[in-house]
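Asks: If you want the building blocks of each chain, they are given just below.
Number of protein chains: 2
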Amino acid sequence: MPVLTVALGQRSYPIHIDEQVFANADLLLPHIHGRQVMLVSNTTVAPLYLAPLRGVLEAAGLTVAEVILPDGEQFKDWQHLQHIFDALLQARFGRKATLIALGGGVIGDMTGFAAATYQRGVHFIQIPTTLLAQVDSSVGGKTGINHTLGKNMIGAFMQPQVVLADTAVLRTLPDRELSAGLAEIIKYGLIRDPGFLHWLHDHMPGLMARDPALLAEAVARSCHHKAEVVAADELEQHDVRALLNLGHTFGHAIETNMGYGQWLHGEAVAVGMLMAADLSQRFGWIDAAAVAALRTLLLAAGLPVDAPAISAADFLAAMAVDKKNVDGRLRLVLLRAVGDAVVVNVDDLAPVRDTLAAFGVSA
Amino acid sequence: MPVLTVALGQRSYPIHIDEQVFANADLLLPHIHGRQVMLVSNTTVAPLYLAPLRGVLEAAGLTVAEVILPDGEQFKDWQHLQHIFDALLQARFGRKATLIALGGGVIGDMTGFAAATYQRGVHFIQIPTTLLAQVDSSVGGKTGINHTLGKNMIGAFMQPQVVLADTAVLRTLPDRELSAGLAEIIKYGLIRDPGFLHWLHDHMPGLMARDPALLAEAVARSCHHKAEVVAADELEQHDVRALLNLGHTFGHAIETNMGYGQWLHGEAVAVGMLMAADLSQRFGWIDAAAVAALRTLLLAAGLPVDAPAISAADFLAAMAVDKKNVDGRLRLVLLRAVGDAVVVNVDDLAPVRDTLAAFGVSA
Numbered sequence: 001m002p003v004l005t006v007a008l009g010q011r012s013y014p015i016h017i018d019e020q021v022f023a024n025a026d027l028l029l030p031h032i033h034g035r036q037v038m039l040v041s042n043t044t045v046a047p048l049y050l051a052p053l054r055g056v057l058e059a060a061g062l063t064v065a066e067v068i069l070p071d072g073e074q075f076k077d078w079q080h081l082q083h084i085f086d087a088l089l090q091a092r093f094g095r096k097a098t099l100i101a102l103g104g105g106v107i108g109d110m111t112g113f114a115a116a117t118y119q120r121g122v123h124f125i126q127i128p129t130t131l132l133a134q135v136d137s138s139v140g141g142k143t144g145i146n147h148t149l150g151k152n153m154i155g156a157f158m159q160p161q162v163v164l165a166d167t168a169v170l171r172t173l174p175d176r177e178l179s180a181g182l183a184e185i186i187k188y189g190l191i192r193d194p195g196f197l198h199w200l201h202d203h204m205p206g207l208m209a210r211d212p213a214l215l216a217e218a219v220a221r222s223c224h225h226k227a228e229v230v231a232a233d234e235l236e237q238h239d240v241r242a243l244l245n246l247g248h249t250f251g252h253a254i255e256t257n258m259g260y261g262q263w264l265h266g267e268a269v270a271v272g273m274l275m276a277a278d279l280s281q282r283f284g285w286i287d288a289a290a291v292a293a294l295r296t297l298l299l300a301a302g303l304p305v306d307a308p309a310i311s312a313a314d315f316l317a318a319m320a321v322d323k324k325n326v327d328g329r330l331r332l333v334l335l336r337a338v339g340d341a342v343v344v345n346v347d348d349l350a351p352v353r354d355t356l357a358a359f360g361v362s363a
Numbered sequence: 001m002p003v004l005t006v007a008l009g010q011r012s013y014p015i016h017i018d019e020q021v022f023a024n025a026d027l028l029l030p031h032i033h034g035r036q037v038m039l040v041s042n043t044t045v046a047p048l049y050l051a052p053l054r055g056v057l058e059a060a061g062l063t064v065a066e067v068i069l070p071d072g073e074q075f076k077d078w079q080h081l082q083h084i085f086d087a088l089l090q091a092r093f094g095r096k097a098t099l100i101a102l103g104g105g106v107i108g109d110m111t112g113f114a115a116a117t118y119q120r121g122v123h124f125i126q127i128p129t130t131l132l133a134q135v136d137s138s139v140g141g142k143t144g145i146n147h148t149l150g151k152n153m154i155g156a157f158m159q160p161q162v163v164l165a166d167t168a169v170l171r172t173l174p175d176r177e178l179s180a181g182l183a184e185i186i187k188y189g190l191i192r193d194p195g196f197l198h199w200l201h202d203h204m205p206g207l208m209a210r211d212p213a214l215l216a217e218a219v220a221r222s223c224h225h226k227a228e229v230v231a232a233d234e235l236e237q238h239d240v241r242a243l244l245n246l247g248h249t250f251g252h253a254i255e256t257n258m259g260y261g262q263w264l265h266g267e268a269v270a271v272g273m274l275m276a277a278d279l280s281q282r283f284g285w286i287d288a289a290a291v292a293a294l295r296t297l298l299l300a301a302g303l304p305v306d307a308p309a310i311s312a313a314d315f316l317a318a319m320a321v322d323k324k325n326v327d328g329r330l331r332l333v334l335l336r337a338v339g340d341a342v343v344v345n346v347d348d349l350a351p352v353r354d355t356l357a358a359f360g361v362s363a
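If you read the sequences in order, they're chains P and H. Just so you know, the first sequence maps onto residues 1 to 363 in UniProt numbering. Just so you know, the second sequence maps onto residues 1 to 363 in UniProt numbering.
There may be inaccurate statements among the hints.
Just a few of them, taken from the derived set where beta-carbon distance is under 10 angstroms, the chain H residues facing chain P [claimed, not checked]: (1) L81; (2) A97; (3) A114; (4) G144; (5) H147; (6) A232; (7) E236.
Where chain P lies over chain H, by a calculated footprint (3+ residues, C-beta under 8 angstroms) [stated by the list, open to error]: (8) 28 to 40; (9) 168 to 177; (10) 246 to 255; (11) 312 to 323; (12) 326 to 339.
Read the hints as simulated data drawn from the structure, not as lab findings. Glycine is no exception: its CB is placed at the ideal position from the N, C-alpha and C atoms.
Make a model of the complete structure from these sequences and hints.
Replies: Dropping the structure here:
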């Protein structure tokens, strides 16, 4: 597999995508600058993969400590972030310490935010163990935690030193998590790569069967897109990076209303993308066949296509605190065409309500 | 008064030091980029100064909300930071919102950290109302909160858009707070300006009597030093900015052990600086007369010169989590000469124990 690079000047870093990279000393050690390493993982991943990683670091003479968090989006909060700070301070780790995130998007986001704020900033490394984290959350430096009133509302931009995406670990991934990752992969096709979308239509059965070569190609093509977007708009100051949020405004509203951890992020994004497609059709930008094709693809990926029972008022209230909104005005990512996303200001909520109603979300 | 500038390229910002600047529309409004402003203050300062500030912003047509925190270092924690996030989300403030800190160092540090992390970063403005905040904490972008195991252990570097240091508000400052600010002012003389130290010796009675011209000159000379140091080493990656920590390793140990809010930060720094001077004398760098002169100056400024009842073990344990330490090795700022500070690695704790014992801190 080629090594990808996220090109951000002095903050540039490599993404290694291959089998057996997660505990590879040659890939890890050059990115650890001090003598102290804190491993952050969860109760699901740690029993499977923490020991070999710890062994490589200890063999290099490093001081290694660990903190194991419960597994799930509902634990992506301040209280559990505090466990990381407690462990760092109890171990008396200093500003040259390195944090390593070994887990999915929740572990990556929390570890990155802990690294951004512990003693005003220490280094960190991403070892994503879910498909979703490998193709999306581990790349690009968005870190943070949830607030009861909104997802990812507290956080920082903090780039890792390196990303080690080990495709071998995907073999132990639960089916639901595999599907959730496929949602974000489909997203890249929808917003900027129609050819990739066709490839995904053709190869979805093989991806669902965890064909290693197909999964590796899907991860690499997704990371390539993510790296390009992040290099163009690291801090989401323009609309370039915001396009990665296709389906996320609707999706975050589902996650916030259902309670974090009930729906996987990728599942909520799947329904959210279909809602965005529906709304794009109402704007006359894509046709019914395109929406139907997306629905078929999401179903083939084992993803939900129906909204949960939420009132329209609650749904819209959660959408109103989205980070893309400016001065209280709703902004959504929609599809001008399949493979061509755009950020639009939405002042008239009537078509949004129509889309919600079409998914059974009504007053 | 001249306008000082903190020269940090695109992140440069002005410091206005004068009477009647805190609610001056011409100085404030150019630094507010969105339509939403959150005022953050405390129960002591808000009744005195919040209304005129709010009036100026509302007259400009801005949406203004406020959050009033309890007053004191013991509230500089996650729980109270959360109140700021709650207020921002309840008001549905977005990424173009501006936070304004109206208060002392605690309010400034917490507001800045909230700005650094709300939706991964929004703008903020510092309106410091204590002498200590005007001469030190409001300038330079160090923000954060305390952890029970260490002061300022969680935070971010986040520069404000502007600092409005209104010397008129110092008239309402309690005597203890005035003295606490004088401690940080004395620090600038000790670490880099012997002439300023002489000026302080000469004018301490006038400063204690709150002579407006003398206070304004002390604030301006201090901010000049702070701005120079920050411009040279914004992220404290070299030892330049670390020199501002003279007395702070000892001082933080006092604050952590006594419980936040018992000693004012400046009071702890005063004793800490005298301890650092004592240790510098043990190293043969300064003489007993210099230590005695510092003691006299601190007493003239109404500051403590004796340590509280803490065991040496507890004192050293708190010093061991200082952010300057590297890979577990203690690092202290000491005086090579009066007006010339240096960061030193301290591997032999014996002279540190001797200094602690000289202040009554023993096993």
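Asks: Please go over all the hints and tell whether each is borne out by the structure.
Replies: Here is what the structure says about each hint:
The criterion of a C-beta within 10 angstroms of any C-beta in chain P is met by L81(H), whose closest approach is roughly 9 angstroms, and the hint holds. The closest approach between the C-beta of A97(H) and any C-beta of chain P is roughly 9 angstroms, which is under the 10 angstroms cut-off, so the hint is satisfied. With 10 angstroms as the threshold, the beta carbon of A114(H) comes within range of chain P, its nearest partner Cβ sitting at about 9 angstroms, so the hint holds. For G144(H), the suggested interface contact is upheld, since its CB lies about 7 angstroms from the closest CB of chain P, less than 10 angstroms.
Annotation: interface hint on H147(H) holds; nearest CB of chain P at approximately 6 angstroms, less than 10 angstroms. Taken as an interface hint, A232(H) does not check out: its beta carbon lies about 17 angstroms from the nearest beta carbon of chain P, beyond 10 angstroms. Interface hint status for E236(H): upheld, as the beta-carbon distance to the closest one in chain P is roughly 8 angstroms, under 10 angstroms. With a threshold of 8 angstroms between beta carbons, the proposed coverage of the segment 28 to 40 of chain H by chain P holds, since 3 of its residues qualify and at least three are required.
For the segment 168 to 177 of chain H, the stated coverage by chain P is violated: 0 residues have a C-beta nearer than 8 angstroms to a C-beta of that chain, whereas at least 3 were required. Requiring three or more residues with a Cβ within less than 8 angstroms of a Cβ of chain P, the coverage given for the segment 246 to 255 of chain H is violated, as only 0 such residues are present. Evaluation of the coverage hint for the segment 312 to 323 of chain H: fulfilled, as 3 residues show C-beta separations to chain P shorter than 8 angstroms, against a requirement of three. For the segment 326 to 339 of chain H, the stated coverage by chain P holds: 3 residues have a C-beta nearer than 8 angstroms to a C-beta of that chain, and at least 3 were required.
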